[in-house]
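*Asks:* Spelled out from the first residue to the last, the chains are:
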Amino acid sequence: MKKAKIITLTLTFSTIFMLTIAYMMPSTDNYNPENPFWNGLKNLKNITNATQITSTTQLKQIIDPKHTAILILGPEKPFTPQETQTIKEILEKGATILVADDFGQANTLLKQLQIQCKFTQHLLVDPVFYYKNRKLPKIFHIKNTTWTKNVEELTLNYATTLNITSTEIEILANSSEYSYIDINMNDQWDQGEPKGSQPILAQTRIGKGNLILLSDPSIFINSMINKSDNTQLLKNIAKGKTVYLDLSHYKTTPHTKLKTAIQTTLNFIYVPEAKYTLVAATTIITLYATRKTKEKTEKEEVDEIEEVLKKHPNWNRKILEKLKEWRESFGTNRTTQNT
Amino acid sequence: MKKKTTETLIVLLILLTLLPQIYAYIYPPHINPETAPEEETPSISILLAHALDDLTAQNFTETLKLINNTNHLHIPQNYKYILTRTTELLRQLTDTLKQIKETLRETETLIEYGKLKDAKAKLNETELLLKDANYTLKEVENAVNQLVQTLKLSSNPFKEKINETKNLLNQYTQTYLNLKQTVDEVLSKIEQGTLIQPNLTISTNTTKTPVGSTIKIHGNLTASNKTLPNTTITIYINEQPYKTVQTNENGKFETELKLPTIYIPTITIYATYKPRETEPYIPATSNTIKIKLIYQTPTITILNAPEKIRPFKNYTIEGEIQLNNTPLANWPINITINQKNIKTKTSSQGYFKYTINITTEPPTHIINIQISTQPQKTISSATAKITIPIEYINPQITVKTPKIIITGIKFKIQGTVKTEDGPVKNAAITIKIGSKIITTNTNKDGAFTAKIVLPLSTLSRKITVTIFLAPEEFWINTKTVKIQVTIINPITIIAPLIPILIPVTNTLKTKRKEEAKIVIEKEIIETVTPTAARKKEVKAKHPIVALYWETLEKIHDKIGVYPQPSQTLREYLSQIKERIKSIAEKFEKLTILTEKALYAEKTSKQDEKLAKELHENIIEELKQ
Numbered sequence: 001m002k003k004a005k006i007i008t009l010t011l012t013f014s015t016i017f018m019l020t021i022a023y024m025m026p027s028t029d030n031y032n033p034e035n036p037f038w039n040g041l042k043n044l045k046n047i048t049n050a051t052q053i054t055s056t057t058q059l060k061q062i063i064d065p066k067h068t069a070i071l072i073l074g075p076e077k078p079f080t081p082q083e084t085q086t087i088k089e090i091l092e093k094g095a096t097i098l099v100a101d102d103f104g105q106a107n108t109l110l111k112q113l114q115i116q117c118k119f120t121q122h123l124l125v126d127p128v129f130y131y132k133n134r135k136l137p138k139i140f141h142i143k144n145t146t147w148t149k150n151v152e153e154l155t156l157n158y159a160t161t162l163n164i165t166s167t168e169i170e171i172l173a174n175s176s177e178y179s180y181i182d183i184n185m186n187d188q189w190d191q192g193e194p195k196g197s198q199p200i201l202a203q204t205r206i207g208k209g210n211l212i213l214l215s216d217p218s219i220f221i222n223s224m225i226n227k228s229d230n231t232q233l234l235k236n237i238a239k240g241k242t243v244y245l246d247l248s249h250y251k252t253t254p255h256t257k258l259k260t261a262i263q264t265t266l267n268f269i270y271v272p273e274a275k276y277t278l279v280a281a282t283t284i285i286t287l288y289a290t291r292k293t294k295e296k297t298e299k300e301e302v303d304e305i306e307e308v309l310k311k312h313p314n315w316n317r318k319i320l321e322k323l324k325e326w327r328e329s330f331g332t333n334r335t336t337q338n339t
Numbered sequence: 001m002k003k004k005t006t007e008t009l010i011v012l013l014i015l016l017t018l019l020p021q022i023y024a025y026i027y028p029p030h031i032n033p034e035t036a037p038e039e040e041t042p043s044i045s046i047l048l049a050h051a052l053d054d055l056t057a058q059n060f061t062e063t064l065k066l067i068n069n070t071n072h073l074h075i076p077q078n079y080k081y082i083l084t085r086t087t088e089l090l091r092q093l094t095d096t097l098k099q100i101k102e103t104l105r106e107t108e109t110l111i112e113y114g115k116l117k118d119a120k121a122k123l124n125e126t127e128l129l130l131k132d133a134n135y136t137l138k139e140v141e142n143a144v145n146q147l148v149q150t151l152k153l154s155s156n157p158f159k160e161k162i163n164e165t166k167n168l169l170n171q172y173t174q175t176y177l178n179l180k181q182t183v184d185e186v187l188s189k190i191e192q193g194t195l196i197q198p199n200l201t202i203s204t205n206t207t208k209t210p211v212g213s214t215i216k217i218h219g220n221l222t223a224s225n226k227t228l229p230n231t232t233i234t235i236y237i238n239e240q241p242y243k244t245v246q247t248n249e250n251g252k253f254e255t256e257l258k259l260p261t262i263y264i265p266t267i268t269i270y271a272t273y274k275p276r277e278t279e280p281y282i283p284a285t286s287n288t289i290k291i292k293l294i295y296q297t298p299t300i301t302i303l304n305a306p307e308k309i310r311p312f313k314n315y316t317i318e319g320e321i322q323l324n325n326t327p328l329a330n331w332p333i334n335i336t337i338n339q340k341n342i343k344t345k346t347s348s349q350g351y352f353k354y355t356i357n358i359t360t361e362p363p364t365h366i367i368n369i370q371i372s373t374q375p376q377k378t379i380s381s382a383t384a385k386i387t388i389p390i391e392y393i394n395p396q397i398t399v400k401t402p403k404i405i406i407t408g409i410k411f412k413i414q415g416t417v418k419t420e421d422g423p424v425k426n427a428a429i430t431i432k433i434g435s436k437i438i439t440t441n442t443n444k445d446g447a448f449t450a451k452i453v454l455p456l457s458t459l460s461r462k463i464t465v466t467i468f469l470a471p472e473e474f475w476i477n478t479k480t481v482k483i484q485v486t487i488i489n490p491i492t493i494i495a496p497l498i499p500i501l502i503p504v505t506n507t508l509k510t511k512r513k514e515e516a517k518i519v520i521e522k523e524i525i526e527t528v529t530p531t532a533a534r535k536k537e538v539k540a541k542h543p544i545v546a547l548y549w550e551t552l553e554k555i556h557d558k559i560g561v562y563p564q565p566s567q568t569l570r571e572y573l574s575q576i577k578e579r580i581k582s583i584a585e586k587f588e589k590l591t592i593l594t595e596k597a598l599y600a601e602k603t604s605k606q607d608e609k610l611a612k613e614l615h616e617n618i619i620e621e622l623k624q
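From first to last, the protein sequence lines are chains D and L. Here the first sequence stands for residues 1 to 339, numbered as in our numbering. Here the second sequence stands for residues 1 to 624, numbered as in our numbering.
Please note that the accuracy of each hint is not assured.
[As the list claims (entries may be wrong)] No more than 35 Å apart at the CA atoms, straight line, and that leaves these computed lysine-lysine pairs for DSBU-like: (1) Lys444(L) / Lys318(D); (2) Lys605(L) / Lys324(D); (3) Lys241(D) / Lys462(L); (4) Lys88(D) / Lys340(L); (5) Lys340(L) / Lys322(D); (6) Lys377(L) / Lys340(L).
Simulated from the structure, these hints should not be mistaken for laboratory data.
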């Protein structure tokens, strides 16, 4: 029995300890706003004070779309027709939505929105204008618009390009004349690979809102956001708006899922109903347990007297209880004297 | 075979599921820029090569563009100086070569028009520029070589391009020399008399004339005091060929020139002569005559215009048009308001007035107004512009909401919206409490009321109620009001009580049980005393004890002996055993059962049954 108790306690404490460590450790997922490492979006979150959206239905809660900016960065899951409809509705009401993607699933959204543009999902390479190597191309052919005010240069990181087939979509930035699309990923330009200036940033109006397309979400990760004028682009999009960051289209690691579950539990516990009930229950359980132990001791004492009375039913109970008390106090004093 | 097919299928399935991962590996979303590998060869070589290509192709604008773009290159710190020096020298060289090309072109034109003196001056300028370019090119070559060495680039392509640039410079030099030679030859021939430099002069009847009027122009073409009859003379106005005339037999010409209706202060007129190939003359250009054009420009004065415009309200723009302080009466004017054109006229006093009423929101939130007149004869056009911003007004919204909201109970949020112009009607009101969104509209008095019930599933907490106002009128700004309220869920009060109530209830139950036990014990103790025993009604709580006492009563009736206060049940039994011989055993059993009932924790149903049997048997026997 004692062994079982020890094992149970050890397991409980180990589990709590493990959960604490899992909760304290920051996430390392790509595009996670709590991730402070090179591939996270912690800096973006701090700059924009973005609210995280874990389901597209939360967009229906937005009451002032004109002063709202929604960031959809590198979605890994496709968009359902219902999600697209929600996005379309809020766009038409005046929201600004930035869809930044390279090799993800944003094309499913663009297709359903019937936008005459798609992400080519082939790597953009610039052998002349780059940061450190040609897969981190620099962009400086930037049109002067509201979104690109004071943005003179952008640095991309494993970017793709936009394939635009409509004149209604305004191109805001292009790669340099030396860039090309490396379809076979051999770091060289080969015959048949598109060469020359490629669009990487564009925008179009949908209803009263603006849809901005950027062919590289990585410019906003912690290690890239301070390169060139990447931050300025973000600030221009977020200026005067409440920013929402879509997290509902990422595939999360088990660690992140566990953290989220712990956070949800903690959030629930912090609610007054749960909080006070828990405190009260803990107090009562503790008191109850203490009382049970006391009763058990008393019962043991009562049992002793009962045993005697069974043998000698004519003896007086009260006298027996008195004798027991004296015996105990005499026994305690003796112990005290001996020490 | 079947096994192999299954295995193959499994492998394929695994590959299919892993495909997204494999795709992600081939196409990683990004890499850490701080640990990204550097390119082996800096990209400056490519840019430099392209710049030199453009230079040798005489695309100087493109070359300068490329040079300006070098600040976007990724250059390690220790190479920055060399690169900057090379690009600056290249920029200098490009500028100089551009100037050389320009001056050579100008020289050619001057020679074409026989302006040999000016051509000579240009050639001197070109000579200096060529010297400068040669020096700069040497510097560029040295800088490029240094760059190639430092960055360990392949020198061959650059050597080739530098040589091409040298060839270009040589080409310019040759052109210069050719032009110089041409000029020298012509001058020499003129000196020798083999070529004659004609003299072309022109004059006009006036140097001041109204716009669009006709002037007379006279000219004379001579060469070595000889007249040149029947030669074609081209008259230029503002450097554009305007008219051709023929000299008469005296080498003179006279013509009328209708001047173009252009409203500029002066125009220039000159004439040129180009000899035929067989003629021993060189081209000639006449003197330039400046003609002052006479015209008047009206002044548009805006006398009255609003500072701001509020839509759906009438505003008046008033002004006047004067010409030399004289009102321009009945003068046609165009009023353009944000690309909408209105034609009107000034009054007989030269005033104009227009009422503006904006009903749609302009994209730039301002109204651009342009008032312009069309030119007529010697009166040129005039334009006046003003920009008037749209007045956006902030509404005032007052909201009444309870500070504490109980879930499950209906409550009201009321408010009013107004501006300085009065209540705001039909404005959309959106109220957000947590995840609940309620929409309503203001009525004709600008008031709104929303009746809300929060579901019982809403948890207790402090929350911000957001009230968003979106008026119909675009010039009334939207407004958001946030109010803190406290939501109380009754469960908050009840839930914590549950863990308290359960043990309390249990405790009370146990207490009652114990109290009952004590009562029984008390009553039992009481029933032991003779006093209680003498009472007719003795209520023993325990059935066995009750049976015992009933039996005891009957025995007492028989033998007249009751137990003493100090006696236990056993002592009493011992006392009466002899006198109740026939029932002694049964009464002993009943006594034992009674003791058990009194002092043990509990008795069983069997004991009670046995006690009842014994009681009945004893009573039966006592009756006998």
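*Asks:* State for each hint whether it applies.
*Replies:* Structure-based check of each hint:
no.: 1; hint: Lys444(L) / Lys318(D); in the structure: 87 Å, violated
no.: 2; hint: Lys605(L) / Lys324(D); in the structure: 33 Å, holds
no.: 3; hint: Lys241(D) / Lys462(L); in the structure: 25 Å, holds
no.: 4; hint: Lys88(D) / Lys340(L); in the structure: 33 Å, holds
no.: 5; hint: Lys340(L) / Lys322(D); in the structure: 112 Å, violated
no.: 6; hint: Lys377(L) / Lys340(L); in the structure: 27 Å, holds
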